[in-house]
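K.L.:
Chain order of the listed sequences is A and B. Per my numbering, the first sequence runs over residues 1 to 147. Per my numbering, the second sequence runs over residues 1 to 355.
Derived from the structure by calculation, the hints contain no laboratory data. Source: prediction; values computed, not measured. For each residue, glycine too, the CB sits at the ideal point set by N, CA and C.
Straight line, CA to CA, 30 Å or less: simulated DSS-like cross-link-like pairs of lysine-lysine:
1. B:K227 to A:K12
2. A:K95 to B:K227
3. A:K12 to A:K95
4. A:K12 to A:K103
Using C-beta positions, here's what the derived DEER-type ranges look like:
5. A:D90 to B:A186: 48 to 58 Å
6. B:G202 to A:D90: 42 to 52 Å
7. A:S108 to B:M48: 42 to 52 Å
8. A:D71 to B:G72: 47 to 57 Å
9. A:Q36 to B:P339: 43 to 53 Å
10. A:D28 to B:V84: 28 to 38 Å
Now for the letters of each chain:
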Amino acid sequence: MEPLISIRLPGKRQYRPAERIEWQYQIDAVAPHDIQAVEASILWYTEGKGESDMLVHFFERRVPGTTEVADLRAMRTITLDLPRSPLTYDGVILKIRWCARVKLFMRSGKSFLEEQAFRLGNVPPGRAYPEPGQALTDLATAVTLRE
Amino acid sequence: MAKRFRFWTRKQGTRTTGVREVGALGEVFFFATLLIIGLVSLLFVLGMRYAGAATPLSQPGSGFWLVLIVLGSFILLGGRGLAVTLLQMGTSPERRSALSRQAEWLRTLGEGAGRAEYPGIPDSSNFDNSPGIRLAYRLPTSHSDAWLLIVTLTFSVVWNVLVAVLVREVWYSFQAHRPNWPAILALVPFATISGWTLWFLGRHMIMQWAIGPTQVEISEHPLAVGKTCRIFLAQSGRLDVEHLTVHLVCEERTTYQQGTDIRSDRQCVRLVRIAEYRQIAVSAADPFSVELETAIPSQGMHSFQSPHNAVEWELVVRVKPKRWPLFERRFPVIVRPAPVEESPHGTPDQYSTTG
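Can you build the whole structure from these sequences, using the hints too?
P.N.:
As structure tokens, this is what we get:
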């Protein structure tokens, strides 16, 4: 039987830049002495045509015996301020995703991963240009003063 | 993770269908072999030389130092590869990213708060360190025409020297009444290319002289989504312009590996036409200049930069002179997200944990 990893993000998983959130994770269906380490992170990664890039905003690695609690299965609550950028983006050849991710490393050498996606900001999906007639009708505010 | 061992796997860039651990072990084996071969061979070569044994390498001019360099590169490549692979085997990508972020934070401690405040957005200091005459900042172009001129000039000089040597050879062969036919035959395509390089160079130099620089100044920088800014455009030179347009363009850019090639791709996702002019006469005494105002679309994405992906905003000036081909000059700008209300909680990197 595989271990259970639960992640709980507040609200509707859509947050404003620099918003403070409180999220929790918990591990179950595994004996405490079978756990080698637990890594929790808040990160963004890219998808699309290019190579995938990733950067963590928050990261913690907990190893039994070196943390304040002996049993790493207990619910863990983390409060953090999200960054101002990069915002979640659904582009044409590039997408930026945010997620909370928990990785469980077992003494047997196996590892298990659970993640919950969320949106940072509210940027509409990108569209490919030029489209027929699009360039002519796009908003263009221009005040010209020939000198 | 793959369920079973596969002999054949598919790979696109760093993504692969194979088992990661098997790949890592393969890398360890390869780099360790390289390191051991380098070390053992180096010890053997040095031992033979300083023991006074008569070997081919002990003769003067036998390439002893070349062998040392080759074996040294084996040791360096093998040692570095082995160390990196072993470090990566015991560390998750998230942990490596956290370590690199800490290193980046330490590196940029003295560079101001801009990048720390807006992670993933390029530093704007390279774009707004040049003051303008009419507005606050003068923007640099994304690429300089001077580089194309230097490359063209260098190629033209090298090629024409080559052709001159060939002409000399043909000339002497005729004088000696023994025509060098291979050289004569080679002269035809070489001279054709030579003529083309001279024509291209001359055309490029005349265009540089006639078109002149394009100057773009901006009232504020970095820009922000949904905000307006003023732009000053000046086009100097000696030319009659059929039409001149100014656009604000947002592009997604990516790089990726395809086999052993590194390829890049771009996709325009926002195009705002700021201004268009027709039938303009530009002279040295009366350069074309105009002041414009535009808004960054409130639904647009901000600038973004990561190792293989980017979202870039640029002001694009396109000019079609009469009797000359259209040319384009691009001026990158940094666009930040729309300002948010200040968090009452403090700096964005603060966090606390319980449990």
